[in-house]
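A.B. asks: As they're listed, the protein sequences go chains A and B.
Using the working numbering, the first residue of the first sequence is number 1, and each one after it goes up by one.
Using the working numbering, the first residue of the second sequence is number 1001, and each one after it goes up by one.
Be aware that a few hints might be false.
Stated by the list, open to error - In silico BS3-like pairs for lysine-lysine, Cα to Cα no more than 27 Å straight-line:
hint, chain 1, residue 1, chain 2, residue 2
1, A, K434, A, K186
2, A, K809, B, K1217
3, A, K659, A, K649
4, A, K434, A, K422
5, A, K186, A, K363
6, A, K186, B, K1392
7, A, K127, A, K433
8, B, K1217, A, K788
9, A, K433, A, K422
10, A, K35, B, K1392
11, A, K659, A, K422
12, A, K422, A, K363
Derived by calculation from the structure, the hints in this document are not laboratory data.
This structure is a prediction, so every number in the text was calculated from the model and none was measured.
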Amino acid sequence: MEALKAQFPATNFTLLAVVLALPLIGAFVNGVFGKRLGKAGVRLMALSALGGSFIAALATFLLLPKGEGGGTLAWTAWRWFSLNGRMGQTIPIDVAFSVDAMSATMMLVVTGVGFLIHLYSSEYMIKDPGYHRFFAYLNLFCFAMLTLVMADNMAVLFVGWEGVGLCSYLLIGFWFGEEKNATAGKKAFIVNRIGDFGLLVAMAILLYYTGSLRFAEINANARNLLDPVTIWPFGNLPIESQWDAANPSANALYKAIVHLFLPEKGIQVYASTLVGLAMFLGAAGKSAQIPLYVWLPDAMAGPTPVSALIHAATMVTAGVYLVARTSAVFLMSPAAMATVAVLGCATAIFAASIGLFQHDLKKVLAYSTVSQLGFMFIGVGVGAFAAGFFHVFTHAFFKACLFLGAGSVIHAMHARIHDTDKSQDIRNMGGLKKYMPITRWTFLLSCFAIAGAPPLAGFWSKDEILWRAFSTKIVAPEVGRLEPLWTWPSWLGQTIYWVGVVAATMTAFYMFRAYFLTFHGEFRGWKVVAGWKEPKHAHGHDDHGHDDHHDHHDDGTPLEGPKPHESPLAMTLPLMVLAAFAVFAGFLMAEPIHFEPLGHILAPVFTRAHDAVVLRGEGVEKLMWPMMGPGVAAFLAGTGAAMVVYLNKGGAPEEAFKKAAPGLYKLIYDKWRIDELYDAVVVGMVDALADIFTTADKWLIDGVLAKLTAAIVAFFGTVLRTFQTGRVQVYGAAMAIGLAGVGFFLVRPHADATVDDSKLRSAGEVVISAAPGPGYEYRWEGTGTEQKDFGPLREVRINVNPGETKDVKLHVRNAFAQEATHSFAITRPGRGFPSSAAPVPVVPGGVVPAGGGSIPAKDIPGLINPRGAQ
Amino acid sequence: MNSGLFLGLSPLLVVSLGGLLLMVAEAFSKRRVDETSDDRDAGPSSELSLGTAVTLLAGAVFAAAIWFVGPEKLEGASSVAPWVIVDRFTLFFSFVLCLGGALAALLAGGYLPEHRLDRGEFYPLIIFSTVGAMILASAGDLLSLFLGLETMSLGVYAMVGFRRASLRSTEAAVKYFLLGSFAAALLLYGGALLYGATGHTDLAGIREAIANMQPGKGSNFALVITAAVLIIVGLAFKVSAVPFHMWTPDAYEGAPTPTTTYMAVAVKCAAFATMLRVLIGAFGEGGLESWAAGWPPVVALLAVLTMTVANLVAGQQESVKRMLAYSSIAHAGYVLVGVVATMRAGGDAQGSVMFYLLTYTVSTVGAFGALILMGSRGAEAVSYEDLAGVGKRHPAAGFAFSLFLLSLAGVPPTAGFFGKLYIVKASIGAGLYPLAIILLLNSVISAYYYLRVMVYMYMREPAPGAPIAKPMRSGYVATALVVAGVLVLVLGLWPTTSLQIAVEAALATR
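Isolated chain A (complex conformation) (with noise of 0.2 Å):
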């Protein structure tokens, strides 16, 4: 330890290079010389690369207590570019690397749980012929992922973001032979660019008002979001004062016009909010939560593995892990943790309900990890960021347990199928655990922990989440003399508490429908075999020849076709592994105990936390423990309710409830028909607007723009190209012309002067600055001091009498004696008019503006805010 200490000092720390570079190798081998390798040294090449980048990162994580102040260790590979800030600083932004408490534990979930799902992998994609790609875009991923969780600033973030948002579309779609694979890789991409839209407005606000793009500088400085910014009207509209006093009567009807458009009052936010808004629509994409969920169910297209590592255990969490590693933000912002809080929660019930019906079993999971991705944000939003990262790692666990357990399931069935939907329908299934009795333990293991049954990992972190929602407020910062932030009213924390605990109890009962009806009753994928028919039609028109078939599904022995078997070791290794996390993990945090050995390393990441977020009252925390009786009330009306229905009734009550109330259980189904809504409505919108722009585009662009544009080139490039002759006389002649017209310029005098009329209003003073030329000299005309004859005098200072009009006459003569005229007239309103009316100075001719430069960066922030609230 003390060597590698020596090895990689704190400031300096190579070591994350190695735990970067093992995957990206990987990826690289995999995906040029994969061919050639063979699945062997693919499947060597791509574990040995997580395994290596798996032992750095738990070195990284041991060494983590000697690191920079109470826990950081940080990587600078270089200087990627810089910035100007609006004060005029260079901002640096570097392709840094800095881990504490948090990025190490998502290192190790990263490479951990990566590492074992590239070995179930390896033999779950066995048979495919694109297993080098596979493992190319899976070590990618990772190497992606870590680069996410490890970056020092948000535009490292962003190249992670970006790259697992990459890999995942070209995952979703691996087998993209399929047309629905393809679209939903297409689905996923096109959601997350709205997402990733907010993520780069967040970027930009904070690096106006930080100053800094870095997470240590925006946490430190995140005071200075408390800044109000109009956001209505948008832009730098004229302000009242500007365009009412001139000239009333005019004005009036303009006045008028504008208001029937704006508000007589402009709209303030506080930036912070902004921020807070923003950066949530950037994570709610990545983290599938509400309106963006939508991506998610579809994009298990892809091969189950990759459901696993990126759709349950890490990428999806990203989101969550960046509204944590930018908590100090979210806490200036009362409301934009709110908005986090309230639409996780929306998410969790909503997704629940979703899960109840699905047949598909990866479905059900799917939507399983929407809803407890809302209780991440349900915990980042309430203030307890902590917990709510603690449920990212404990549902890393058990969600890739359960995937992988599916992957497991479905591939067993897909043996004897032949079908990929088929073999995921829990209608076709049933009864497996006699055939796969690893699988089914882990997987009862794993539903347990995700159902909330104490003391697994689901129970102390769900417990956790919840309990914070009831028991904590959080503390508006001090804003002076401006108007106090939104401050969260004291119903909302426990509203959330109630309706997380109905989702945990949809949860326990969705997921163990999911599990009795895939591993117990009889086997139903008997049925599910080409010509099968039922006994009564078995021997009546079978015209496929097959003939020889028989109904043996009632005495338990199979029709022709493999047996569902278990997975070998490969697969099965992992999931017992994960199954044991999945237990075991929730003991690393479970507070209610006092034994939270993860909390205490985490809690130097969120000390600010520590001071916003506080006890609602005198004496909750006695309530820590009651509170917990409704979690586990849940679990067991959840998993009771699932039992009685699904093992004890064979799932007649659902088939009641289904000829009970049929247009319900279709509209949950149907996932409440979102998806049907949000083609209707946005696509609908888009098509329509699209048809708009098609006419338009059809019309305007294509027949008068287009075609316009393009026969103005064409046309002047045919032009132009006729000169081209090859006769070298025409060369010549051009030659003699361009040199005759850059003479004519440079022969001829210019009497271009600048004025500055600055001063006019005030002293009635003005300076008029003649150019410069090569030999010229001036001679002016009423400046009151008269000129014969030419001088080198170039610049005049004119005094002018309010309400008076003065010409002035340039004259210019250059080295050709040749000579030219400018004249100005120069007019200083009179007094008694207001000054806001008074007219521009009228100054005809060709004058160049003086300066003409950018704009200073002191006005800036008067451009945003035209109102000046501050």
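Add chain B to chain A, keeping to what the hints say.
C.D. replies: Chain B only, in chain A's frame:
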């Protein structure tokens, strides 16, 4: 004479000596051309190409080494000033010129044998032209400037007409020679007038004399202005600014492609180097720098014309090589924008011009090199149709071509993006909004014809029976492309360091 002087001149000396040695080696070499043979390794190219590249790269390495030592520390190096000025500006350009020349020599090593032009004299010509270009970039005196210009141009005239049997090649050489002499005469006459008006041939002396000149009767300003007109036109010809560009497409198209590459990068860079020295150095005071009546508005107009005309005509071309010729004219227009900005925004703007020239050099060498790689004897890549589907048949060659075209078009994360970005930034910093906007509009137009190549390479299939380009195999060309490709990406991903170097080099002239 002392060691400081030798060290200061070492890039020039190394390249010159290397050139002489190679010439002798070539004369005694047993390798002779057999114009009918298909054995591409039998000709002199196989040894001379690498030798030339190594010589020129050695020059670049020496330039870099002096950079790190610091030219201001070399005592005695200033004893040859102002004829040869050893400063960071010179070193930067020596490096760029040697790099461009070396890559062109590598391209020639593949191209000449493939097209049965394998005669050894090409390589000394490249080397001595580069010597001329380096002198041109370092000249602080009109005499050495003219000497360098002619040394460079004479070699290039011969290289353009290198394909003796081809009418087009000889025609191109004659045209280039005629018009080049015209321009050289203008430049020389302008220099003579300047000497008459100021009594100086060194640029610093000219500047001082103009600054101290009094207007009025009997002043020499009329002579100075006339000289300025002539010199501006002469320089505009060398950088092929519209309307002094008309020789460019013909010469570029008729010349063997390595020559074209060399002209597009080395000749153009040297011309810009001398343009910066003359316009900023000699014409920087006394009213000639005026925004109303001096050279900046003239050069601004030339820039607008150059960008716009070149881009409009480039879109009309059917030959890819000719398109690239126009593209190089258009790039000269972008650089001219930066030159104008330099007058107002100072060292940073000039640094962006020089950085642009570096990015332009690597991208252009790459683009022409990829074009060379695309064709082989009897199956050359000439028109867009020849390239149909080549990206699918030969992914590596297609990828390389695409990379360089994207860089020329200015797409991140390639070198060309940051080159354009910094020029635009410099012109905005100088308050030249219209020029910046016109530049951006033009780069949009240019994207059309660059992407068109990629459309043909990846999205078209050749018509049945139509001639298709068959990529050649050459380690030299491949090496040049790899070097250029790595540089394009490195400059695109880590632009700041090289920009800082360019700015430092630019500050040396101020």
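A.B. asks: Could you grab the alpha-carbon distance between A:K433 and A:K422 and see if it respects the 27 Å cut-off?
C.D. replies: Distance of about 19 Å is within 27 Å: holds.
A.B. asks: Would the hint linking A:K127 and A:K433 be met if the CA-CA limit is 27 Å?
C.D. replies: holds, 25 Å
A.B. asks: CA of A:K659 to CA of A:K422, is that 27 Å or under?
C.D. replies: holds, 24 Å
A.B. asks: Sort out whether A:K363 lies within 27 Å of A:K422, counting only the CA atoms.
C.D. replies: holds, 13 Å
A.B. asks: Would you mind confirming whether the straight-line C-alpha gap from A:K659 to A:K649 stays at or under 27 Å?
C.D. replies: holds, 16 Å
A.B. asks: A:K186 and B:K1392 were given as a pair; does the straight-line alpha-carbon distance stay at or below 27 Å?
C.D. replies: holds, 24 Å
A.B. asks: If you draw a straight line from the CA of A:K35 to the CA of B:K1392, is it 27 Å or shorter?
C.D. replies: Holds, because 19 Å separates the two Cα atoms, which is no more than 27 Å.
A.B. asks: Between the alpha carbons of B:K1217 and A:K788, is the straight-line distance 27 Å or under?
C.D. replies: Holds - the C-alpha atoms of A:K788 and B:K1217 are around 16 Å apart, at most 27 Å.
A.B. asks: Against the 27 Å threshold, does the CA-CA distance of A:K186 and A:K363 hold or violate the hint?
C.D. replies: holds, 18 Å
A.B. asks: Quickly compare the C-alpha distance for A:K809 and B:K1217 to 27 Å and report which way the hint goes.
C.D. replies: Answer holds: A:K809 to B:K1217 is near 23 Å, not above 27 Å.
A.B. asks: Holds or violated: A:K434 and A:K186, Cα atoms, limit 27 Å.
C.D. replies: violated, 40 Å
A.B. asks: Hint check: A:K434 vs A:K422, CA-CA at most 27 Å. Holds or violated?
C.D. replies: This hinted pair holds, its Cα atoms lying about 21 Å apart.
Of the hints listed earlier, the one the structure fails to meet is number 1.
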